[in-house]
Each structure stands twice: as C-alpha cells, then as structure tokens.
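Listed below are the residues making up each chain.
There are 2 protein chains.
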Amino acid sequence: MTDRILDYLRRNPSDAPRLVVDLDVVERNYHAFAHALPDTRVFYAVKANPAPEILGLLARLGSNFDCASVVEIEQALAAGATADRISFGNTIKKERDIARAYELGVRLFAVDCEAEVEKVARAAPGSRVFCRILCDGAGAEWPLSKKFGCVPAMASIVLEHAHDLGLVAYGISFHVGSQQGNVEAWDNALATAAGLFRELAERGINLAMVNMGGGFPAKYLRAMPGVPAYGEAIFRSLSRHFGNRMPETIIEPGRGMVGEAGMIEAEVVLVSKKSADDEVRWVYLDIGKFHGLAETMDEAIRYPIRTLRDGEATAPCVIAGPTCDSVDVLYEKTPYELPVSLAIGDKVLIEACGAYTTTYSSVGFNGFPPLASVVI
Amino acid sequence: MTDRILDYLRRNPSDAPRLVVDLDVVERNYHAFAHALPDTRVFYAVKANPAPEILGLLARLGSNFDCASVVEIEQALAAGATADRISFGNTIKKERDIARAYELGVRLFAVDCEAEVEKVARAAPGSRVFCRILCDGAGAEWPLSKKFGCVPAMASIVLEHAHDLGLVAYGISFHVGSQQGNVEAWDNALATAAGLFRELAERGINLAMVNMGGGFPAKYLRAMPGVPAYGEAIFRSLSRHFGNRMPETIIEPGRGMVGEAGMIEAEVVLVSKKSADDEVRWVYLDIGKFHGLAETMDEAIRYPIRTLRDGEATAPCVIAGPTCDSVDVLYEKTPYELPVSLAIGDKVLIEACGAYTTTYSSVGFNGFPPLASVVI
Numbered sequence: 007m008t009d010r011i012l013d014y015l016r017r018n019p020s021d022a023p024r025l026v027v028d029l030d031v032v033e034r035n036y037h038a039f040a041h042a043l044p045d046t047r048v049f050y051a052v053k054a055n056p057a058p059e060i061l062g063l064l065a066r067l068g069s070n071f072d073c074a075s076v077v078e079i080e081q082a083l084a085a086g087a088t089a090d091r092i093s094f095g096n097t098i099k100k101e102r103d104i105a106r107a108y109e110l111g112v113r114l115f116a117v118d119c120e121a122e123v124e125k126v127a128r129a130a131p132g133s134r135v136f137c138r139i140l141c142d143g144a145g146a147e148w149p150l151s152k153k154f155g156c157v158p159a160m161a162s163i164v165l166e167h168a169h170d171l172g173l174v175a176y177g178i179s180f181h182v183g184s185q186q187g188n189v190e191a192w193d194n195a196l197a198t199a200a201g202l203f204r205e206l207a208e209r210g211i212n213l214a215m216v217n218m219g220g221g222f223p224a225k226y227l228r229a230m231p232g233v234p235a236y237g238e239a240i241f242r243s244l245s246r247h248f249g250n251r252m253p254e255t256i257i258e259p260g261r262g263m264v265g266e267a268g269m270i271e272a273e274v275v276l277v278s279k280k281s282a283d284d285e286v287r288w289v290y291l292d293i294g295k296f297h298g299l300a301e302t303m304d305e306a307i308r309y310p311i312r313t314l315r316d317g318e319a320t321a322p323c324v325i326a327g328p329t330c331d332s333v334d335v336l337y338e339k340t341p342y343e344l345p346v347s348l349a350i351g352d353k354v355l356i357e358a359c360g361a362y363t364t365t366y367s368s369v370g371f372n373g374f375p376p377l378a379s380v381v382i
Numbered sequence: 007m008t009d010r011i012l013d014y015l016r017r018n019p020s021d022a023p024r025l026v027v028d029l030d031v032v033e034r035n036y037h038a039f040a041h042a043l044p045d046t047r048v049f050y051a052v053k054a055n056p057a058p059e060i061l062g063l064l065a066r067l068g069s070n071f072d073c074a075s076v077v078e079i080e081q082a083l084a085a086g087a088t089a090d091r092i093s094f095g096n097t098i099k100k101e102r103d104i105a106r107a108y109e110l111g112v113r114l115f116a117v118d119c120e121a122e123v124e125k126v127a128r129a130a131p132g133s134r135v136f137c138r139i140l141c142d143g144a145g146a147e148w149p150l151s152k153k154f155g156c157v158p159a160m161a162s163i164v165l166e167h168a169h170d171l172g173l174v175a176y177g178i179s180f181h182v183g184s185q186q187g188n189v190e191a192w193d194n195a196l197a198t199a200a201g202l203f204r205e206l207a208e209r210g211i212n213l214a215m216v217n218m219g220g221g222f223p224a225k226y227l228r229a230m231p232g233v234p235a236y237g238e239a240i241f242r243s244l245s246r247h248f249g250n251r252m253p254e255t256i257i258e259p260g261r262g263m264v265g266e267a268g269m270i271e272a273e274v275v276l277v278s279k280k281s282a283d284d285e286v287r288w289v290y291l292d293i294g295k296f297h298g299l300a301e302t303m304d305e306a307i308r309y310p311i312r313t314l315r316d317g318e319a320t321a322p323c324v325i326a327g328p329t330c331d332s333v334d335v336l337y338e339k340t341p342y343e344l345p346v347s348l349a350i351g352d353k354v355l356i357e358a359c360g361a362y363t364t365t366y367s368s369v370g371f372n373g374f375p376p377l378a379s380v381v382i
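Chain order of the listed sequences is A and B. Count along the first sequence from 1, then add 6; that gives the number in the working numbering. Count along the second sequence from 1, then add 6; that gives the number in the working numbering.
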C-alpha cells in the first residue's frame, strides 16, 4: 500500500474492482535487485505483469527480459528493449515460435531436452541455449513440480547435443520455487551447476552462464527476508562453488519485482450466514479466483486485506468471489479475520497484488469483465 | 466428436488451439431435456458457454436463460430471449446490478439470505424471488461447497421476509452438484422443498416453483446415465413429495446442454523425459489450465483425448500445458495413456469441451491469447 495508490483511488472512484500499480515501487525493487547482486543481470519475468508502463520503466532502467512466448517478446521490444536483452525462457516452444523469435533477433533460448535443442538448432541456428535442471525447491511456499527441467546427468547430454548441432552451449538454469523464503535455497543448485561446468569443460565445452531464476518473494502476510539477504547468500554460494572462476549470472525476478507494487480495490457484495447458529460469516467480494486472484488456489497465497474499519473488533469469515462457481472461494480452510462491522458496499484493499493477477484473469467467466488495471 | 466438427477441422487448418462447437448437438440436447421433463421449463445456464450462436439457437427453440450477471442478461436478450424468460440466478449480486436487471425487465431473482432479499426489494420491487437451500451433492464428481444457499430453516425466514417486503415469495432452488452421476440425487432436496412449501403455506405464503438447478453431466471418460433416466427419477421424486399438488418446475442445464457439443483441437509442442530412466513421458500441449482447461484443476474432469495414432500401442504420460507455470499440468497424479508414437507437431482432439472452457480462459497469461472458438 502506498500513499500514491491511496491518493489515486480517492481521486478516481470506481464501481468495478481494479488493480493499481505504483511504478515507484517497481523502480525501488529493480534497484534493490541490481544493488544486491551487482554482477548479475536482471531479466524481469514478463509473465508476472506485462503492463506496458512496467516494461517501459524497466527497459529504461536497463533491465533485461525473460519472455514466455512470442507475444511477450513483442511486448518487451515494444517497450524499448533490444533483442539482445531478451531471453526466450520457456522450455516448451513451438518450432515456428522459435523461428519467429529468431527473426526478431532473439539469440538466447531455454531447453531441457534433446528434442527442444533440435528445434532451436533448426529454427535459430547458432543461438545460445541454457539447459534447465530440476531443483527440489525446498522452502518455497509454492514448490515447482517436475514440469520444467531434467536431471543433471541428462543436462550434460542435452548441452553436448546442442554443441554438436552448432548451438552455443551457454549455461545452466534452475528455479528454486516461487515465493522462496529460504535465502540458502540456491546453494544446492549452484553446487550442481558448478559440477556441470566442470564436467562439460572436460569434454571441451565451456559453459559461461548460470541462470538462477526467480523465486524472490513478495511480502504477503508473513514476513520475508529482504532482497539484500538473498543477494548475500547467493553470492556466498557462488563463491563457494565457483571459486575464482565466477560465471556470468542472471536472475529472473517477477513476483519480487512487481508483487508489492500493486493493490486491488474491491467491494463487499454480500455478508451472510448459512444458518442462524453459524459462527463464521461469508463475505463475498466482487473479485475472486476467476478475475485476478487465481493464486488463492489451495489458499496458497494469503493476501493482506485492509478495510476502512480496521482497528475495530474482528471475527473469522470465509471470503468468496462473485461467480456462480462453488470453487470461487478465496479463504475457507483457514478463515480470515475481518472487522465484524464490515458491511455490504464497503471497499476493501487487497495488498501485494501486482504479480500474477491481470493476465490470469478470465476473459469473462459468468459475464464479469477481466480485472481492470491502472499503472501510476 | 461429430463428423461436422471433423469436417470443419479438415477444411480449416489452424496453428492455434481452438474449440469447435456443433449446434446440432446442442439442439439434440435441448430436445432431450424438454422431452425428459415435459412440464419443466429449461433455463440454460449461460455461464457454461455464452457464444451468441448457442444462445440464439436456444432462444429460437424456446429455452429460458439462467444468468449470473448483467452481462449475461444482456447476452440472452441480444440473442432474442424476452426478459420474462430470464432468471438472475446468482445469489451474490450488487444492488446496482439488480436495478439494472430490473430496468431490462427481469423479474425473477435468486436469494439465499435476508440481506439479498432487502436489495431485491429496494432495486426490483414486486419481483419474484426463490431461495436457494444447501444440498449435500452426494454423488457429484465436483461437489458444491456451502458457498450458495442456506439451511431450510433459514430459507423459510428469508422467504417470509421477502413476502413482508412486497416481493413474491416464489419458490425454492437447490443444486445437487456439478456432473452429478446419481439420478436419485434430487430426491432429498425435493423432499425438503415440499416441506418448505407446506410450512410456508401454513403461514399464508403459497410458493409456486421449484428450481431443480443443474448438475446434469456430460459424458467424459466415464459412462453416465442419459437424460431420460434423470427425467424419470426426478418425476418420481416430484410425485412422491408433492403428490397431486405439483409445483411449477425449472431446470438449469449448462454442462449437460453444451459439454458434449464441443471439441478442442490442440497440438503437441514437446514430448520429453526428465531423466534417461523415466518411465513416464511428459507430453506438452499448446493448451492447458490457463487457456480453457481450468476444469482439470485437481484432475477433476478427465477429458477423452483422441489422436491420429489411436489404435497403436500406448504408454502412460503426464500431460501439461504450454505456460511457464508449474501448476499448468492437466494429468499427473493419474497419468494418461496415449500412443507411444505420439510426436511433436501432432494434433490431438480433446472431446466434450463445450462447457466451461472459453470464458474460463485467461486474457493472456504468459502472452498466449485466449482460447479461440468457432460455432458451426
């Protein structure tokens, strides 16, 4: 929550839920990452929030861009990034999309298997590829599955195959898991990466880069370490495992860059009980899982919620969205404490919604429009 | 899968995933419902698929429309329905949306608490309201939560309150749970509804209508009873509990009306393993949870998938979508049997995708466009 956002909301009342993003917070976060790891290039994960104003600011500040699709590459280019500052970071790409990225000048691609290497060799000859390795993600609130990456033994085969097909076997990537609260979570993967550097060097393939991915948290309800703590721990691990042969490094913050920069203003549509002796109220908002708050799935992300009645007595409630879908419930397993006096028509402020909200919104489930967004 | 859809796909090749809906199937389903329960009015649940061609067909066939929002009401009107054929069936409504529906001529509203009754009394004076009661949903593949409805004891208070405020206390509604496989699931709720009819009649309030909701299944992989079996079981229950004082009745099929009418054509983007000794392949499609297949959440809906290599030897695989999101996995807990020879670039046909796909699609997560849709 920032004064600029509160001021904007006051001067621009609205009937519909909306996200407001404060660019000053994004700028502060960019500098925090750049300062915490001064020798590491920042590749903003565009998928977290591709608003043109955010991409434009980050392009001006010197950020690079991690893109998941051709559309995201086009968005980064339109915002002023040059193609050499773009990574096509999705390990799952159609060959015609690789070709399109290559046409646009992109020369850095993620892979995690030989078939993907072959697509890149055909559609983007001579490009740099980095191979993603599986990582256990211990400590992350939202651990990643095995969907991306391969075991290290396979990574060396994949990179050797790339080398044989005329690509530049450029490096290793991994992801320690979203909303990672453990600053030491990078250590194991960096040890593995260093081992792969040595192993491939013995076969005459000199890797240059380690892409340390994202996972940097936003602060929701639980306290999280600050960016400097991550920078220090990662730098220690890099020194430990690479010694005086430090590789080029990349990080891909998304949530950590924009999560705390945005706030959603929503409205209480209904407060009710299901029976006379119910102890827990149901509070229904005009936004739910299908219009921006998808990350409440399994109650994974617990957003801080402010009301105009904060400070008054609270009681637990279930919080749900406005659609006719029974899974459109935000918090039920662990009810949420909200003021007893909260009433129909009250505005509520949902904090730290800058990441993974606008583009997650459905196109029109139940006829409700997608989440509106303003960047200030 | 219909010949018309296959023929359309052959004549109109596409690079992107798309849903094709066959209106002939929708028409056949409408007649099946109308025939199975000849004295029951069909209110199509617009949220299942609001494509204008589907709404137009159903309006011409004489269907009524269950709408979740003002936008859905406007869509039904635009398709040719008159306002007296529209129910505003969402129990969670902003008062200004009730007023807007009233302006548009809608006079039938769902409620499940006194606060909602008061909104309707102010914004849509004199209208008919029906109160939704909680229902245990035993037998449904996707049981509903307590999000909608109240206990029967509260329903009588809610309806009496409506009566006192000058509204028409019109009836009772319930929902037995989506994809309900038990044709007897309506019986308990109908017994409860009949009890409420008697109880309120003693207080001089004569309810007229029972809204028996949706829950009628589409056939995915598991066999399901046909519409006639539901009609017979429901008619028996109505006779048992209401005797010769049969109420007006409504059903609200959504999935049962359009689910089997649509098929998604998708493409295999990648087939890979995570290690040399992996027994299960990963098959990545160009569509996933965020672009139409949201109902694979928790692997709830298991869609039939056809390939051009059906009949060849199969092996289990994990099926995942194309985004950089680790939760974008369709089937992993229970791997899916697909032909061993399935290859990158192959088209696959995902059946029974006519309901809850297009509008569920995200506006642009990872930069991928929303699911395209064609109605033939």
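Since the hints were derived computationally from the structure, they do not count as laboratory data. In this text the structure is predicted, and so the values were computed from the model without any measurement. Don't be surprised by glycine CBs; every beta carbon is placed ideally from N, CA and C. Be aware that a few hints might be false.
Okay, derived cross-link-like pairs now, DSSO-like style, lysine-lysine, Cα gap no bigger than 30 angstroms in a straight line [said to hold, decoys possible]:
no.	chain 1	residue 1	chain 2	residue 2
1	A	K353	B	K152
2	A	K152	B	K152
3	A	K279	B	K339
4	A	K152	B	K339
5	B	K339	B	K279
6	A	K339	B	K152
7	A	K339	B	K339
8	B	K279	A	K279
9	B	K353	B	K339
Which residues of chain B face chain A? A few of them, derived with a C-beta cut under 10 angstroms, are [claimed, not checked]:
no.	residue
10	R66
11	G68
12	K99
13	I163
14	E166
15	H167
16	H169
17	F241
18	V275
19	Y290
20	D292
21	Y362
How the hints compare with the structure:
no. : hint            : verdict
1   : K353/A / K152/B : holds (24 angstroms)
2   : K152/A / K152/B : violated (34 angstroms)
3   : K279/A / K339/B : violated (36 angstroms)
4   : K152/A / K339/B : holds (12 angstroms)
5   : K339/B / K279/B : holds (16 angstroms)
6   : K339/A / K152/B : holds (12 angstroms)
7   : K339/A / K339/B : holds (23 angstroms)
8   : K279/B / K279/A : violated (50 angstroms)
9   : K353/B / K339/B : holds (24 angstroms)
10  : R66             : violated (21 angstroms)
11  : G68             : violated (22 angstroms)
12  : K99             : holds (7 angstroms)
13  : I163            : holds (8 angstroms)
14  : E166            : violated (14 angstroms)
15  : H167            : violated (13 angstroms)
16  : H169            : violated (19 angstroms)
17  : F241            : violated (26 angstroms)
18  : V275            : holds (5 angstroms)
19  : Y290            : holds (5 angstroms)
20  : D292            : holds (7 angstroms)
21  : Y362            : holds (8 angstroms)
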